[in-house]
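Protein chains in written order, with this note's numbering: chain A, 206 to 489; chain B, 10 to 303; chain C, 169 to 517.
These are computed hints drawn from the structure, not numbers from a lab. The beta-carbon is built from N, C-alpha and C at its ideal position, and this holds for glycine as well. Possibly wrong hints are sitting among the right ones.
What the hints assert, rightly or not - Derived lysine to any residue pairs resembling SDA-like cross-links, with alpha carbons at most 20 Å apart:
#, chain 1, residue 1, chain 2, residue 2
1, C, 322, B, 206
2, A, 482, B, 224
3, A, 482, B, 206
Said to hold, decoys possible - Partner residues are not named here, just some residues of chain B that face chain C (Cβ under 8 Å, in silico):
#, residue
4, 105
5, 106
6, 200
7, 204
8, 206
9, 210
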Amino acid sequence: MRVFWKRHQLLNHLLLLLGVAFLALPLWLVFASSTHDPGTLIREGMQLGFGGKFQETYYGVLTEKKGFTEQVTAATMMLNSLILGLGFALGKIVVSMTAAYAIVYFRFPLGGALFWVIFTTLLLPLEVRIIPSYKVVADLGMLNSYSGLIIPLIASATGTFYFRQFFRSVPDELLEAAKLDGAGPWKFFIDILLPLSRTMMAALFIIMFVVGWNQYLWPLLMTTDESYNTIVLGIKSVMQNIDGNRLPEYNRGFALAILALVPPVCIVVFFQRWFIKGLLESDK
Amino acid sequence: MKRVTFSHSPIPYLFVLPQIAIIAVFFLWPSAEAIRLSFFLEDPWGLSNEFVWFENYQTIFEDPEYVGTLIATLIFSLSVTFLSLGLAMLLAVQVDGLLRGGGTYRPLITWAYAIAPAVAGLVARFLFSPQIGPIYAWLNPEGQPPWFEPNLDSIDAWVVVTSGAVWRQVSVNFIYLLAGLQSIPRAVLEASRIDNPSGLGRFWSVTFPLLAPTLFFLMVINFSYAFFETFAIIDTVFPFGPPSGAASLVYKVYVDGFKGADLGGSSAQSVVLMLFVLALTVVQFRYLEKKIHY
Amino acid sequence: MTTLTLQGLRKVYPNGTEAVRGVDLEILDGELTVFVGPSGCGKSTLLRMIAGLEEISSGDLLLDGARINDVEPAHRDVAMVFQNYALYPHMTVRRNMSYALQNRKVPKTEIERRVLEAAKMLQLEEFLERKPAQLSGGQRQRVAMGRAIVREPKLFLFDEPLSNLDAQLRAQMRVDIRKLQRQLKVTSIFVTHDQIEAMTVGDRLAVLNNGELEQIGTPMQVYSQPASEFVASFIGSPRINLVDGEVKSGVLSFDGFEVPGFTDISDQPVRAGIRPEDLLVGTSGTKLQVDLVEELGSDELLYCESPSGQDYRIRRPGGSGHRSGEAIDVSVQKEKIHLFHKSSKKRIN
Numbered sequence: 206m207r208v209f210w211k212r213h214q215l216l217n218h219l220l221l222l223l224g225v226a227f228l229a230l231p232l233w234l235v236f237a238s239s240t241h242d243p244g245t246l247i248r249e250g251m252q253l254g255f256g257g258k259f260q261e262t263y264y265g266v267l268t269e270k271k272g273f274t275e276q277v278t279a280a281t282m283m284l285n286s287l288i289l290g291l292g293f294a295l296g297k298i299v300v301s302m303t304a305a306y307a308i309v310y311f312r313f314p315l316g317g318a319l320f321w322v323i324f325t326t327l328l329l330p331l332e333v334r335i336i337p338s339y340k341v342v343a344d345l346g347m348l349n350s351y352s353g354l355i356i357p358l359i360a361s362a363t364g365t366f367y368f369r370q371f372f373r374s375v376p377d378e379l380l381e382a383a384k385l386d387g388a389g390p391w392k393f394f395i396d397i398l399l400p401l402s403r404t405m406m407a408a409l410f411i412i413m414f415v416v417g418w419n420q421y422l423w424p425l426l427m428t429t430d431e432s433y434n435t436i437v438l439g440i441k442s443v444m445q446n447i448d449g450n451r452l453p454e455y456n457r458g459f460a461l462a463i464l465a466l467v468p469p470v471c472i473v474v475f476f477q478r479w480f481i482k483g484l485l486e487s488d489k
Numbered sequence: 010m011k012r013v014t015f016s017h018s019p020i021p022y023l024f025v026l027p028q029i030a031i032i033a034v035f036f037l038w039p040s041a042e043a044i045r046l047s048f049f050l051e052d053p054w055g056l057s058n059e060f061v062w063f064e065n066y067q068t069i070f071e072d073p074e075y076v077g078t079l080i081a082t083l084i085f086s087l088s089v090t091f092l093s094l095g096l097a098m099l100l101a102v103q104v105d106g107l108l109r110g111g112g113t114y115r116p117l118i119t120w121a122y123a124i125a126p127a128v129a130g131l132v133a134r135f136l137f138s139p140q141i142g143p144i145y146a147w148l149n150p151e152g153q154p155p156w157f158e159p160n161l162d163s164i165d166a167w168v169v170v171t172s173g174a175v176w177r178q179v180s181v182n183f184i185y186l187l188a189g190l191q192s193i194p195r196a197v198l199e200a201s202r203i204d205n206p207s208g209l210g211r212f213w214s215v216t217f218p219l220l221a222p223t224l225f226f227l228m229v230i231n232f233s234y235a236f237f238e239t240f241a242i243i244d245t246v247f248p249f250g251p252p253s254g255a256a257s258l259v260y261k262v263y264v265d266g267f268k269g270a271d272l273g274g275s276s277a278q279s280v281v282l283m284l285f286v287l288a289l290t291v292v293q294f295r296y297l298e299k300k301i302h303y
Numbered sequence: 169m170t171t172l173t174l175q176g177l178r179k180v181y182p183n184g185t186e187a188v189r190g191v192d193l194e195i196l197d198g199e200l201t202v203f204v205g206p207s208g209c210g211k212s213t214l215l216r217m218i219a220g221l222e223e224i225s226s227g228d229l230l231l232d233g234a235r236i237n238d239v240e241p242a243h244r245d246v247a248m249v250f251q252n253y254a255l256y257p258h259m260t261v262r263r264n265m266s267y268a269l270q271n272r273k274v275p276k277t278e279i280e281r282r283v284l285e286a287a288k289m290l291q292l293e294e295f296l297e298r299k300p301a302q303l304s305g306g307q308r309q310r311v312a313m314g315r316a317i318v319r320e321p322k323l324f325l326f327d328e329p330l331s332n333l334d335a336q337l338r339a340q341m342r343v344d345i346r347k348l349q350r351q352l353k354v355t356s357i358f359v360t361h362d363q364i365e366a367m368t369v370g371d372r373l374a375v376l377n378n379g380e381l382e383q384i385g386t387p388m389q390v391y392s393q394p395a396s397e398f399v400a401s402f403i404g405s406p407r408i409n410l411v412d413g414e415v416k417s418g419v420l421s422f423d424g425f426e427v428p429g430f431t432d433i434s435d436q437p438v439r440a441g442i443r444p445e446d447l448l449v450g451t452s453g454t455k456l457q458v459d460l461v462e463e464l465g466s467d468e469l470l471y472c473e474s475p476s477g478q479d480y481r482i483r484r485p486g487g488s489g490h491r492s493g494e495a496i497d498v499s500v501q502k503e504k505i506h507l508f509h510k511s512s513k514k515r516i517n
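So here's chain A without its partners, still in its complex pose:
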C-alpha cells in the first residue's frame, strides 16, 4: 500500500491541487460573480457559477462612462494602463541599458561616484518619498500627464544592475575583437551588444510591463483628472461608489478587477520562460 502511495505520489498532487485552488478560487468567485446582476449578489453573496450577464456587464463597463465625474470608460482606463506599462518598460530598458553600458565599459572620472549614486536609489522605494515627489512633479507642471506618470518611476536602479551584471558576463574577447575590427563605442553597442542582449531585454520588458501596469500609489497621487486613471485605479473609484449610494454595483467592480487582471496574467503565462528568467536574474 505504501509503495502505491509513493509511486503515484498522490499526497503531493493533493497538496498541489489545494495550492492551485487557493490561488485560483478567489478569482474564480470574482469572475463568476461579475456575470450576475447585483441583486443576486446582495441576496446570496458571491457566486460560484455563471449568471449569464457576461456580455451585458463587460460591454457596459467597457463603454459606459462612470466614475466620479462620469467621464471614463473601462476601455479608456485600460488604454492608460497600456501606455503606462509600455512606457515604463521601454523607458526603463533604454535608461538602464545605456547607464549600465557607460558604467561597465568605460573608465571615466565620475564613473565610480555615479555608480554609487545610482546604487542609492535601491535604498529608497517610492513609498518612502511620495510627498516630496508629488511636490516636485506638481512644481514641474507634470501632474495629470503621461510623462509625469512614467518618468519618476524609472528612477530606481534595478534595471541598471540587471544589465550591469549581464554586461559583465559578456566575454572581454568580444570587445577586443571589435576594437581590432575598428568599431568604436557606439558601433560596438549597436552592432554587437544590443543583439546579444535581446533575450535579457525581452525578459526585463515583460516584468517591467507587469510592474508598470500594476502601479497603484503613484498614479493615485498624481492623477486628479479621472481621464488619466489606469484600470487598477478604476477599481478604487468604482468601489467608492459602491458603498456610497444606490444599489451597490458589485458586478461592475468585479468586472473591472478581471479586466485589470487579464492582460498581465496573459503576458506572464504566455511568456513564462522569459519572465521567470528575468525575475531570477534581476534580483541577484
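Given the coordinates of chain A, assemble chains B and C onto it according to the supplied hints.
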C-alpha cells in the same frame, strides 16, 4: 570592472545622463526635500515655516498612534513573510519532488505574480465583506452575533489585509524557491537518499541548508514588500480608511501628509522609513559579501 | 558473505525506452565486478537500480537471498561513490563522512573511530575540517570514498568515479581503489566506459551493450574468448580486426587468407576476428600494403590495407623498422582466430 574598456569618449557621459538626470530630479531632490521638511513645522495655512530641529521626530515617537502603527506594521510584515514563505515552500517542495507532471503545475502557480496588489486588496475585501463575502458568512454563521468584523476591529482588519498580501506573495516566493530547489545538484540529493532513510530528515539536514541563501534573500524581499509596498492593499480593502490601528506606516505617511497636510510630521515619518530601508539593505549586502568570500 | 543476484532485471522508462533488457547476473562475495560498455548501454542505470535510486520495472534483485526491489536506498546497506562525488557542500569533510552513521544512531565514539581510520587510509586527516569547495578534485574523490568506507556496507557501488580526473591522477587512483578494495574485501561494483580501466580494476567484467549483458568473465576470459563480436571489438586496444569470410569444408577463407582446420564448423558465412598482435609478419602469407606506421616505443603499430581495400591493424615489437608503402607478408594461426556468426554476432568457435 572590465579588463578592456573604451576611453576618451563623450559617450559614457551621454549614456549615463538620462538615468542620472531622472534620479537627480525625481529622487535625490525629493529625498533631500523630505529630509529638509522633517525639520520644519508648517502652520495650517502654509504661510510660515519654523525650524524645529528634531521636534517632529520627538512628536511622532511620543505619539502612541504612531508607535502603535509601527509595531502593527512590524508584526504584519513578519506574518506576511513567514506565512507566504511557508506556503510557497510547501508548494515548491511538492513540485520539485514530483517525478512527473511538475511542468504542468508551475504555470498554474506562477501566473499569480501578475496580480496587482490593488486587485488582491479588492478580492480580499469582498471575500470578507459583510454584505456578500463567503468567508465572512462562513466565519459568522447565521443566528449568532458576528465575532469577525474587519470594518470595526483592527485585528480582524489586519487579518484581511494579511490574507490579501500573503495570497499575492505566495506566487513570487514559489518561483524563487523552486529555482533554488532545482539548483541543488541531483547527485547530492541521491547521496542523501542513501545516507538517510528519513525524508524529513533529509530535507532539514541537506535541502534546507543549501536553500539558505535563497531563503534569506526572500525574507528580506518579503519583509520589504510587506513593510513598504502594501499601501495598495490597505487602500483597496478599506477605501474610506481602515479602522484605527489597522494602518501601516506608509499608509500613515500618506494620510498625514496628503489628507492631514502635516508636512513636517509626515516627512519625519518618511525619513524614519528611509532609515529602515537603509538598515535592511545594509544587512542584505553584508550577508551577500560574506557569501562571496566563500 | 555478500552475494547479489540479478534475475531478469528490466528497466523501461515512461516514454517507452528500454534501458535494461533482462539482465541475469550473480555478483560474488568479495569480488570487484566491473560493468563496462559504451555510453547508453545501461550500466549506470543497472547500478542505480541496485542502489535503489532507479525503480525496477520487472525482475528480481536479491541481496543475500532476500528480495530488495522495494527497499529504500538507505536501508539496503550499500554505499555509493558518485561520478561528481556528490559531497554535501555545506558540511565539513568530517561531517560528510559521519552523516550516514549519525542517521543510523551509531554511537559517537564509534563514528569518530571509523572516520579517523578512513581519513588515515585516504590521507585526508589534515582536511577534516575543510569544506568541499576548498578541496581539489582528487581530494574530493577521496572524501567521497571515505564517506563510503566508514559505512562498512555490504556493497560498494562506484559510478564512473574517475571520469572527472586528469589522466595521471586517474591511473594512480585506479591502483589505489583496487588496493583498498582488496584490503577491505567488500563486494564491489564499478561502472566505467573505459575498457582499459575495466581490465585493470576488475576481478570480473560484465560487458553491457544496449541494455543487455553480452558477457561476464575475468579480464583474460573476456579478452581471449569474447562471446560476441561486440565484446571482441569493445575490449582490446588497438581494436580487433574484423573481416567477412566463409567456412567451407573446414577451411576458413577471408580476404585472400586461407586457414584450414575448422572441421567442426559447418559451412556458413562468418565474421573473422583477429587481434592486432596475432597477425604475424613473416616471409610467407597474404600480401598487405603498409599505409601508416605509429612508433610507440614499446610497440609499433602498422595500419595496413589488403588488395581488396580492407583495413588491418597489426602490432609489432617497437623499433621493427617498417615503413609506409612497404609490402608485407602476413599470416595467422588458426587458434588465434575468433569466429562470429554473421547475423547473431555470437561466437562460433
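### Query
Does residue 204 of chain B pass the interface hint, meaning its C-beta sits closer than 8 Å to a C-beta of chain C?
Holds - the Cβ of residue 204 of chain B comes within 8 Å of chain C, reaching about 4 Å at its closest.
### Hint status (Cβ of residue 105 of chain B to nearest Cβ of chain C, threshold 8 Å)
Nearest chain C Cβ about 16 Å off; hint violated.
### Query
Has the given pair, residue 322 of chain C with residue 206 of chain B, been kept, meaning a C-alpha gap of at most 20 Å?
OK: residue 322 of chain C and residue 206 of chain B at ~17 Å, within 20 Å.
#### Entry: Status of the hint placing residue 200 of chain B at chain C (closest C-beta pair under 8 Å)
Given a least distance of 4 Å, the restraint on residue 200 of chain B holds.
### Query
Does the interface hint hold: is residue 206 of chain B within less than 8 Å of chain C, judged Cβ to Cβ?
holds, 4 Å
### Query
Holds or violated: are the alpha carbons of residue 482 of chain A and residue 224 of chain B at most 20 Å from each other?
holds, 18 Å
### Message
Hint check: residue 482 of chain A vs residue 206 of chain B, CA-CA at most 20 Å. Holds or violated?
### Response
Violated: residue 482 of chain A and residue 206 of chain B sit about 35 Å apart, past 20 Å.
### Query
Does residue 106 of chain B meet its interface restraint, that is, does its C-beta lie within less than 8 Å of any C-beta in chain C?
violated, 14 Å
### Message
The hint names residue 210 of chain B as touching chain C; please verify it with the least Cβ-Cβ distance against 8 Å.
### Response
holds, 6 Å
The earlier numbered hints that this structure contradicts are 3, 4, 5.
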